[in-house]
Structure formats: structure tokens, C-alpha cells
Amino acid sequence: MKPNMSAAAGGQGKAGNRSDTLGPNTEIGRKLKQYYDELVSDDVPDRFADLLKQLEDREEPSLSREPEREGK
Amino acid sequence: MADESTFKQDLLGAIPSLRAFAMSLAQNADKADDLVQETLVKAWDKQASFQMGTNLKAWVFTILRNEFYSQMRKRGREVQDSDGVITARLAVHPAQQGSLDLDDFRAALETLPEDQREAIILIGASGFSYEEAAEICDCAVGTIKSRVSRARSRLQEILNVSGEADYGPDAISAQVMGSNAA
Numbered sequence: 001m002k003p004n005m006s007a008a009a010g011g012q013g014k015a016g017n018r019s020d021t022l023g024p025n026t027e028i029g030r031k032l033k034q035y036y037d038e039l040v041s042d043d044v045p046d047r048f049a050d051l052l053k054q055l056e057d058r059e060e061p062s063l064s065r066e067p068e069r070e071g072k
Numbered sequence: 001m002a003d004e005s006t007f008k009q010d011l012l013g014a015i016p017s018l019r020a021f022a023m024s025l026a027q028n029a030d031k032a033d034d035l036v037q038e039t040l041v042k043a044w045d046k047q048a049s050f051q052m053g054t055n056l057k058a059w060v061f062t063i064l065r066n067e068f069y070s071q072m073r074k075r076g077r078e079v080q081d082s083d084g085v086i087t088a089r090l091a092v093h094p095a096q097q098g099s100l101d102l103d104d105f106r107a108a109l110e111t112l113p114e115d116q117r118e119a120i121i122l123i124g125a126s127g128f129s130y131e132e133a134a135e136i137c138d139c140a141v142g143t144i145k146s147r148v149s150r151a152r153s154r155l156q157e158i159l160n161v162s163g164e165a166d167y168g169p170d171a172i173s174a175q176v177m178g179s180n181a182a
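Chains as they are written, first to last, in the UniProt record's numbering: chain A, 1 to 72; chain B, 1 to 182.
Please keep in mind that the hints were generated in silico from the structure rather than gathered at the bench.
We put the beta carbon where it would ideally sit given N, CA and C, even for glycine.
Be aware that one or more of the hints could be misleading.
Pairs of lysine to aspartate or glutamate, EDC-like flavour, derived with a Cα cap of 16 Å [as the list claims (entries may be wrong)]: (1) B:46 <-> A:56; (2) B:42 <-> A:56; (3) B:8 <-> A:46; (4) A:53 <-> B:45; (5) A:53 <-> B:4; (6) A:53 <-> B:101; (7) B:8 <-> A:56; (8) B:145 <-> B:132; (9) A:33 <-> B:101; (10) B:74 <-> B:34; (11) B:145 <-> B:115; (12) A:53 <-> B:10; (13) B:8 <-> A:50; (14) A:33 <-> B:4; (15) B:8 <-> A:57.
Covered by chain B, per the in silico footprint, the following chain A stretches (three or more residues, Cβ under 8 Å) [unchecked claim]: (16) 29-41; (17) 47-57.
Excised from the complex, chain A in its bound form (with noise of 0.2 Å):
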């Protein structure tokens, strides 16, 4: 009879959706997930945590001011 589309489109939902068109089934969608992943796993050079220890040193000598919004 009719063609099923309602139950075909309705039946994907939202995460449905983005698997079926980036997911791990499609070529695409699993180049890009390699892609990333290796530049995910790369190693993380010391300058960042260096940078982050260095940004919360700096904060140290204010650690005195407390926060004293509540009145405002």
C-alpha cells in the first residue's frame, strides 16, 4: 500500500539521527572519529600544565578576597 515513510523517519529519534549519518556505519563518520581520536591521544606537551601551575600561583597572593557579592 503506502510506503511506511512516518515509521522509518519517526523511528531514528535524535541520537538516531546523527549515528545514521556520522555514525560508525558510515565511512565518514568513522575517518572522522579516527581522525580525532589520534589527535586526541596525542601527547599533551608540558607547557599546559606549566601554564595552568603558573596561572594558579599568580592567584595565590588574592586568595584573601573572598567573595562578597551576596549583598548586591
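Starting from the known structure of chain A, fit chain B onto it as the hints suggest.
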């Protein structure tokens, strides 16, 4: 302060993803790491504006993205000519069926306009929802959807892969069918 060290730990934890996103945007390791550095400083200075319990990763991605585009605008005025480099990379060798090379994919990704590239990375690789990606990119959800869709079509076109789910090592039957059709 306990909160501050948690914030620092969370920032540290976000660095690998931040670097990956920065690389996806800047396409250059030095520029990417400069972006990450700038982002960490900005995030640290703005930590009072971060709402605990909300998505820190999305928050720092937003900062990094803003930084990227503001640097782009500055650089755009300085060296407009560098655009030619990107155009030159457009010549991507179409992948052999069934064995799409990662380098080919990378090259194809580089040819996408920034807005499409960031959208497909955020949705397809970084694991953000359309809503989160829209917030990071400061645009409508529908805009993200259409950018992702255009990016995907473009990549499929460049890389010569079909839009449908492929079935792994079925390249031979695909070739047979392909020659029948031709």
C-alpha cells in the same frame, strides 16, 4: 580553594580535546597550541563566570573558537595571500573503494569552509549534541544541522564514498555492481 583546584584539574583534563579541536580549526600544530595556550589563560581569567556543574568542555571550546576567529580576522588583514595554499590542497586523489586513507580524509577535511569543518567535528567527533554545538558556535541548531549535512556531502563527494552505511569488506561486490551499472 578546593573549587580552584577542581577547576584546574578539569581544565587539564580538557586539554587533549581542546588541542584536537584547535588542530581541526587551525590545521597547523604551532598555531593550534598557541590557541590552546591563549584559551587556557582566558578560561582561567574567566573562571568566575563558569557555572560549576555545567559543561566545562563546551565552555572552553567556545572560548577557543572565539579566539580562533578573532585571530583569523587579524591575520586576514595581514596576509590575505595565504588563502592560495588552501586552494592548492583541493586536489585530493579520490580514495580507492573500501580503503579510504586517513591522509586523504585529512586533506579533504581541510578543504571545507571553517564553519562546516567545525560543525562536523563538533557533532561527528567531539561528541557534542546539536544543541551544544549550536551554543559553541553561537548559531541556531538548524544552522549546525545544515552545516554538518553540507560538510558530509562535500566530503563524500571529494572522497568518492557513498552516503549510505557501507558494509565493510564488501568492496568487491560494490565494484561488480558498479561495473554492471556502468
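Hints and how they fare:
no. : hint            : result
1   : B:46 <-> A:56   : holds, 13 Å
2   : B:42 <-> A:56   : holds, 13 Å
3   : B:8 <-> A:46    : holds, 15 Å
4   : A:53 <-> B:45   : holds, 14 Å
5   : A:53 <-> B:4    : holds, 12 Å
6   : A:53 <-> B:101  : violated, 40 Å
7   : B:8 <-> A:56    : holds, 8 Å
8   : B:145 <-> B:132 : holds, 12 Å
9   : A:33 <-> B:101  : holds, 13 Å
10  : B:74 <-> B:34   : holds, 15 Å
11  : B:145 <-> B:115 : holds, 11 Å
12  : A:53 <-> B:10   : holds, 13 Å
13  : B:8 <-> A:50    : holds, 12 Å
14  : A:33 <-> B:4    : violated, 32 Å
15  : B:8 <-> A:57    : holds, 12 Å
16  : 29-41           : holds (count 12)
17  : 47-57           : holds (count 7)
Taken one by one, the earlier hints fail for this structure at numbers 6 and 14, listed in ascending order.
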